[in-house]
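*Asks:* The residues making up each chain are set out below.
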Amino acid sequence: MKLHEYQSKRIFARYGVPIPQGDVAITPEQARQIAARLDRRVVVKAQVLVGGRGKAGGIRLAHNPDEAERMADQILGMNIKGLTVKKVLVDEAAAIDTEIYLGIVIDRARRRAVMMASAEGGVEIEEVARVTPERIVKIAIDPFLGLQAYQGRELAFGIGLRKELVGDFVQIAQGLYTAFVECDASLAEINPLVVTDEGRLLAVDGKILLDDNALFRHFELAEMRDADEETPEEQEARRHGLSYVKLDGEIGCMVNGAGLAMATMDITRLYGGAPANFLDIGGGAQADKVAAALRIILSDPNVRAVLFNIFGGITRCDEVARGILTALKEVPTQVPMVARLVGTHEEEGRRILAEAQMITAATLAEAAQKAVAAARANRPTGRE
Amino acid sequence: MSILVNKETRLLVQGITGREGEFHTRQMVEYGTNVVAGVTPGKGGGWVAGVPVFDTVREAVEATEANASILYVPARFAPDAILEAADAGIRVVVCITEGIPVLDMIKVRAHLERTATRLIGPNCPGVITPGEAKVGIMPGHIHTPGPIGVVSRSGTLTYEVVYALTAHGLGQSTAIGIGGDPIVGTDFIDILKLFEEDPQTEQVVLIGEIGGTDEQRAAEFIARYMTKPVTAFIAGQTAPPGKRMGHAGAIIEGGEGTAAEKIAAFEAVGVRVASHPEQIADLVAQLA
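Each protein sequence line maps, in turn, to chains B and G. Residues in the first sequence are numbered consecutively from 1, following the working numbering. Residues in the second sequence are numbered consecutively from 1001, following the working numbering.
With the rest of the complex left out, here is chain B (with noise of 0.2 Å):
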């Protein structure tokens, strides 16, 4: 899940990061009330959970209340990557002498988080990785003994911060570390990290990952998942249990497993086809599952077959094949289906789809075949 920058750097302030004053507008009125408040230059700042606002026009420096008024009035409402702007941040801008990165992220070759920091702020840190690598510091932490003062020197001299500020420096990233940690996130990050024309070091942009698995000890961090995150169908999915990524394709896939998933998407592009989604129904799903699965895979109008590729193990095919055509009960559709269903009640599960007029398949490459040959022939006219 991912946080808003106002929501992350408010958490990296109770840690001791400092951040700009500022505060959140819906409206430009508001952003007008809160830069008369500031009383000084802001920055208004789309808060989008994607990257990339500043290039979209997202994010503008304003000298007076009525500038950020007029600012906040052009941002709120901006489609940004496919998102809407709902919501601007006001902060005071920073008078910026240098710009440093500051991070962490989970390594997952070296099974620990590491911290990285780097001279070359403002920019992705994937982007100095690719092109300068060397101007990146890294640190694995210990999980027993979390960020020790040392390693956060070795940070900052290691990217030649001046050393006046390295005290602050450490400070801010052992807040980091904790901040990091007592969310269970998954990435944190000041991007960038900007030493003052005053000498000060002040977290001007930030932005947090959280791991998923970890919201059921985190209740407050849970509250402020921005449904924009997720399609509603991606939403719809998560309600039922199932897990579903929409894709451009035509061939909508229902699987059981991830890796049998993915290993059907890809199949269907080796034999000419595209899949629309990814769609996992999870181990031992019922026929309501499958039926809301399948409701999901069909409210995509770019589909135009369904494979179906159930390897039973705990998943009984029956049950499945029964969730189908409960499915179709209740939504009528022309879309072709082709079924393969192996293991578990197998001839059971396909007796029930013969009934139901489906194409089946007996295997994954003969199953891919025919949806690819399906989706063809069920094109509209006129469209290749």
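Simulated from the structure, these hints should not be mistaken for lab results.
Short, incomplete list of chain G residues facing chain B, as computed with Cβ under 7 Å:
1. 1102
2. 1110
3. 1154
4. 1159
5. 1160
6. 1213
7. 1235
8. 1243
9. 1245
10. 1247
Coverage of chain G stretches by chain B, computed from C-beta distances (three or more under 8 Å per stretch; other residues unrestricted):
11. 1131–1141
12. 1173–1186
13. 1204–1210
14. 1250–1256
15. 1268–1278
Listed below are the simulated PhoX-like cross-link pairs for lysine-lysine, each with C-alpha atoms no more than 25 Å apart in a straight line:
16. G:1228 / G:1193
17. B:289 / G:1243
18. B:86 / B:55
19. G:1243 / B:2
20. B:81 / G:1243
21. B:207 / B:87
22. G:1107 / B:138
23. B:2 / G:1107
Owing to the predicted nature of the structure, the values given are computational and were not obtained by experimental measurement. From the three backbone atoms N, C-alpha and C, an ideal C-beta is built for every residue, glycine too.
We have chain B; now place chain G onto it with these hints.
*Replies:* Frame of chain B; chain G shown alone:
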């Protein structure tokens, strides 16, 4: 021979009185696994599927000499249960549970590195040595004893491959799901090492997926140390970046962990990569 579990395995089931625990205990017993004990705190003294239940792992080990354990414990209690098994001296711990927080797993794994315990999983289907012991949730009947070692990050995709192997008359020495989480107890390399040393295993099938760099490190290991042929498959070639594909660990982040780079890493060291799951069995059959 085989790896990790066999006829000598004396299995303990943690969370044996839960719905999943009880169901799979019956399945494992039916398969012929020697299940000697179960643990559910507060349910000691009872019985499940003819297996005695204890309150603590230590008690269960003292009474039954259990040497392996499998967990059907909810995510929020699973790290504690893994540590309890390790502290009682269990050598092989299989964690089926999905949804354990990553920071918990970092601590668990860091601690286990100081012990003799090997953790398989979490978020995995378990381990099976066909005809000897099933320590997991996989359908036992699709497996058959033989010379092919199987290691995978997935569940049902592994069944799909095993099913095709069996249909080709290619039995398995041991099949292991190492789990779909970002931090797991055992990596591909650990299992490749065991298969390389196991006399029964003649060939290895490795099933990877997008996310992380475990497959790339496996490719380096294969190039340096493996004498037995390895056939691979990588799921997620059509997965978009930045989206989690079901498994917590199956995500392309910062441009890293794509299927293309993993396939390239394997092909660069001469590992044959199948273009779809059923083709794996064909490739393995060519060398059998």
